[in-house]
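Please work from the sequences and hints to get the whole structure.
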Amino acid sequence: MTRYFTEDHEWIDVEGDTGTVGITDYAQGQLGDITFVELPEVGASVSKGDSVSVVDSVKAASDVYTPVSGAVSDANAALADQPELVNTDAEKGGWLFRVTLSDPAELGGLMDEAAYKVYVESL
Amino acid sequence: MSEISNPDDDMDLDVVEPWLLPLDVWHRAKGGRMVEFAGYMMPVQYEGIIAEHLWTRENAGLFDVSHMGQLFVSGEGAEAALEAVLPIDLSTLLLGAVRYSLLLDENGGILDDLMVARWAQGFYLVVNGATKWDDIGTFRELLPDEVTLNHLDDRALLAIQGPKAFAALDRHVSGEHPLSALTFMKGGRFSLGGVEAWISRSGYTGEDGFEISLPSEAAGHVADLLCGEAEVKPAGLGARDSLRLEAGLPLYGHDLSSETGPVDAGLQFGVNKRRRVEGGFPGAARVQADLANGTARRRIGLALEGRMAAREGAKIFSGNQEVGIVTSGGFSPSLQHPIAMAYVDTALAAEGTALSIEMRGKRLDAKVVSMPFVPHRYHR
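Line order of the protein sequences matches chains Z and C.
Numbers 18 to 140, taken from the numbering used here, label the letters of the first sequence in order.
Numbers 6 to 385, taken from the numbering used here, label the letters of the second sequence in order.
Honestly, the hints are just simulated from the structure, not real lab data.
Incorrect hints may have been included.
As the list claims (entries may be wrong) - Computed beta-carbon distance windows for the label pairs:
(1) C:D229 to Z:S62: 55 to 65 Å
(2) C:W138 to Z:V59: 47 to 57 Å
(3) C:N325 to Z:A95: 29 to 39 Å
Claimed, not checked - Taking lysine-lysine pairs in the DSSO-like style, the calculated list, with each CA pair at most 30 Å apart, reads:
(4) Z:K109 to C:K367
(5) Z:K134 to Z:K65
(6) C:K320 to C:K278
(7) C:K278 to C:K191
(8) C:K35 to Z:K134
(9) Z:K65 to C:K367
(10) C:K367 to C:K320
(11) Z:K109 to Z:K65
(12) Z:K109 to Z:K134
All C-beta atoms in this analysis are idealised placements derived from N, C-alpha and C, irrespective of residue type, glycine included.
Here's what the structure looks like:
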């Protein structure tokens, strides 16, 4: 399994042709208390860069963009009752959705963990 | 991901560099996350908005509201001159009493909402931070030369709010009268940790609490004293906003503007009885007409189904007809569901009316409810 990051603070774990997407711990820290997560429909066809999910915090709503194109294969049902999982476990239990990748070459444009760390420190 | 910007959060200010509060270093040392608001760098949160919100409802939160404008009106004829500018009846405002009032334009539109207190030598006013420069201009224009307007910009303003605010503050206060002599909307001069302070039993959270005006250079000392009490934690702008929303209190620039008048905003109490009859303040004709005839729309509270919050600017529908707009909205930490303040057609403003709110292409079900959303617990 390989983990990639975007400049918009999403992470994606790729195993075979399935990518699991969430927002980074840095991102949840910036957003503060998350009160609601709008998830994409399973089966929806999405293109890299589309806003497919929305994370609502006490103060504001934030778009989540899919880092890859493909079909949404799963969404994290646990977030319906426990949106705060995105705060407490952003990079694991607080995952948002899964995508079956249609173009794995898109991963080439993403950052690895070390590069993302440098990127966050530059902000 | 990126923040969906709220148009009114990006205020167009003439100043490039934000000002620093007297407690700037203190906030940063406490872990405050600083954001620009009303031209100042201010703490939006320390440990988290929900934690600070709930702590304030159960214990006491300390808020720095030093960005707000503290003004002092004095001199010969100050009372009559101020009545010509504000729809307030100062003849019933006793020494030390505090009252909510409104600064209106010639058309009766709201330029700001403010607090007026009677001090021995004149009147102490607290106005909103984002509007204080315009307010000062308006007062200077409308007050005669023999009346003096001082901007008390060497003073900080702290608010300690919550059911345990009294106990925590009382340990550090001495004065001619005990702190317990103050009831809601009453104030007086006290010594607070050795510092001269004007303390009033007031605030903007719906809880019992106090607002403390003190010299800026003493603010750090007093903030440390109060936060040294087990009941008190610092609370930021984020919690202040969610608390005031639950308390049904409007926020200028969002729920109030020059497009709204006292009557549609539900703030008739800000126009005192004698003044409703006598007039003689800016916009009196419109206010009197609105009081007599009612208004086309009204400020109301909405409780939403589900967990998705409605935000400022969201359109409100009754069936397919657009009937209003959300002016403040968010998740209520105390009620655990989203709430909103809005203006809707008066015919649809009755409690229990079912409406829907358009958010990101979806329709959220909502119901008109009475405000405050969370009951006030003032010490009357």
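>> Are any of the numbered hints broken by this structure? If so, which, sorted upward?
In response: 6
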